[in-house]
Every structure is written in structure tokens, then in C-alpha cells.
Amino acid sequence: MELLLKALDNEENEKLLELTTKKINQTKSNMIKELMLPAPVTKEILTKLKHYMYIDEMNELRYGAFLRWINIVDPNNLFLSPGGILCEINITENGIVLVCKNFAHKYYQLKMDECLLFQKLSTQELVLLSALDHLEKKT
Numbered sequence: 001m002e003l004l005l006k007a008l009d010n011e012e013n014e015k016l017l018e019l020t021t022k023k024i025n026q027t028k029s030n031m032i033k034e035l036m037l038p039a040p041v042t043k044e045i046l047t048k049l050k051h052y053m054y055i056d057e058m059n060e061l062r063y064g065a066f067l068r069w070i071n072i073v074d075p076n077n078l079f080l081s082p083g084g085i086l087c088e089i090n091i092t093e094n095g096i097v098l099v100c101k102n103f104a105h106k107y108y109q110l111k112m113d114e115c116l117l118f119q120k121l122s123t124q125e126l127v128l129l130s131a132l133d134h135l136e137k138k139t
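The sequence shown begins at 1 in the UniProt record's numbering and counts up by one.
Note that these hints are calculated values from the structure, not bench results.
Here the structure is a predicted model, which means the values were calculated and not measured.
Misleading hints may appear alongside valid ones.
As the list claims (entries may be wrong) - Below, in silico cross-link-like pairs of lysine to aspartate or glutamate (DMTMM-like), each with a Cα-Cα straight-line distance of 20 Å or less:
| # | residue 1 | residue 2 |
| --- | --- | --- |
| 1 | Lys137 | Glu114 |
| 2 | Lys120 | Glu60 |
| 3 | Lys33 | Asp74 |
| 4 | Lys28 | Glu60 |
| 5 | Lys120 | Asp74 |
| 6 | Lys33 | Glu93 |
| 7 | Lys22 | Glu34 |
| 8 | Lys101 | Glu88 |
| 9 | Lys23 | Glu34 |
| 10 | Lys23 | Asp133 |
| 11 | Lys23 | Glu57 |
| 12 | Lys111 | Glu93 |
| 13 | Lys101 | Asp113 |
| 14 | Lys28 | Glu44 |
| 15 | Lys22 | Glu44 |
| 16 | Lys101 | Glu60 |
| 17 | Lys43 | Glu57 |
| 18 | Lys22 | Asp133 |
| 19 | Lys28 | Asp133 |
| 20 | Lys48 | Glu88 |
| 21 | Lys23 | Asp74 |
| 22 | Lys23 | Glu93 |
| 23 | Lys111 | Glu60 |
| 24 | Lys111 | Asp56 |
| 25 | Lys111 | Glu88 |
| 26 | Lys50 | Glu60 |
| 27 | Lys23 | Glu136 |
| 28 | Lys48 | Glu93 |
| 29 | Lys50 | Asp133 |
| 30 | Lys120 | Asp56 |
Based on the sequences and whatever the hints tell you, model everything.
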């Protein structure tokens, strides 16, 4: 109960109040299916993105969150990146550039408009979504 109260008090979680796990998974699934990958590859990617949310706007990003992405520049080379922790968001003339660090302390830069971005849900977000899912079942 304490985790739920903390999650509700956190203003960063406000964007989740209109969502459910089902809606998040549906959006994720739609985005991956648009890539028109073979069914087993699509299923594998969706499995790896179990506790992730598709991100399409900069204000949805959270510093310190773990991100995974699919670079969509080359349609013949689409794969889910191992990911990294979001360290920096830079707004440049060429668009929004994200700086991420992996577990080997190697830094990556990626352009937000060249990738499908997925952000790992925090424990607070998962607790809040669980409560929202429960409320939706009751109605």
C-alpha cells in the first residue's frame, strides 16, 4: 500500500493515469508490427520488452531510466539494441539526441527521430499500472 501511495504522489507518474498495461502492450505491439519483421522475431522482441513502454515524445523520457531502441534508418538491419541508461538529452539543430551509457560504461548517442524508443517501467510505475489494471477490471 505504501508503494502505491508513493507512486500516486509522484508527479512524474501522472502520464500513466490514462494508461493500463493492456494499452501499453497494444501500443508496443503496433509499433513493432509496423516494422513487418518475421513473426518469431516480432514475438522475441515483444518478450524482451515486457516491462517497457514505447516512448514517442521527449517529455516522456526519464533521466536514469533504462532505454532500449530499434534504429529504423536501415530497414534491412532492424534489431533491438542491448540498451543503456539515459544520461543526457540534447536538443540540437539536427533533432533530439539522447546520450546513454551501457553497463561497460560505454556511451552511445542516438537521434530520437531515427529510433523506436522503449523505456523500462520503474517499480513505482509498475505498482501504479497494477492498480489501474485492477480498477479497469472492476468497471
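Status of the hints after comparison with the structure:
no.	hint	result
1	Lys137 x Glu114	37 Å, violated
2	Lys120 x Glu60	12 Å, holds
3	Lys33 x Asp74	16 Å, holds
4	Lys28 x Glu60	15 Å, holds
5	Lys120 x Asp74	24 Å, violated
6	Lys33 x Glu93	31 Å, violated
7	Lys22 x Glu34	18 Å, holds
8	Lys101 x Glu88	10 Å, holds
9	Lys23 x Glu34	17 Å, holds
10	Lys23 x Asp133	10 Å, holds
11	Lys23 x Glu57	17 Å, holds
12	Lys111 x Glu93	11 Å, holds
13	Lys101 x Asp113	19 Å, holds
14	Lys28 x Glu44	13 Å, holds
15	Lys22 x Glu44	18 Å, holds
16	Lys101 x Glu60	19 Å, holds
17	Lys43 x Glu57	25 Å, violated
18	Lys22 x Asp133	8 Å, holds
19	Lys28 x Asp133	17 Å, holds
20	Lys48 x Glu88	24 Å, violated
21	Lys23 x Asp74	28 Å, violated
22	Lys23 x Glu93	33 Å, violated
23	Lys111 x Glu60	15 Å, holds
24	Lys111 x Asp56	12 Å, holds
25	Lys111 x Glu88	12 Å, holds
26	Lys50 x Glu60	18 Å, holds
27	Lys23 x Glu136	11 Å, holds
28	Lys48 x Glu93	33 Å, violated
29	Lys50 x Asp133	16 Å, holds
30	Lys120 x Asp56	14 Å, holds
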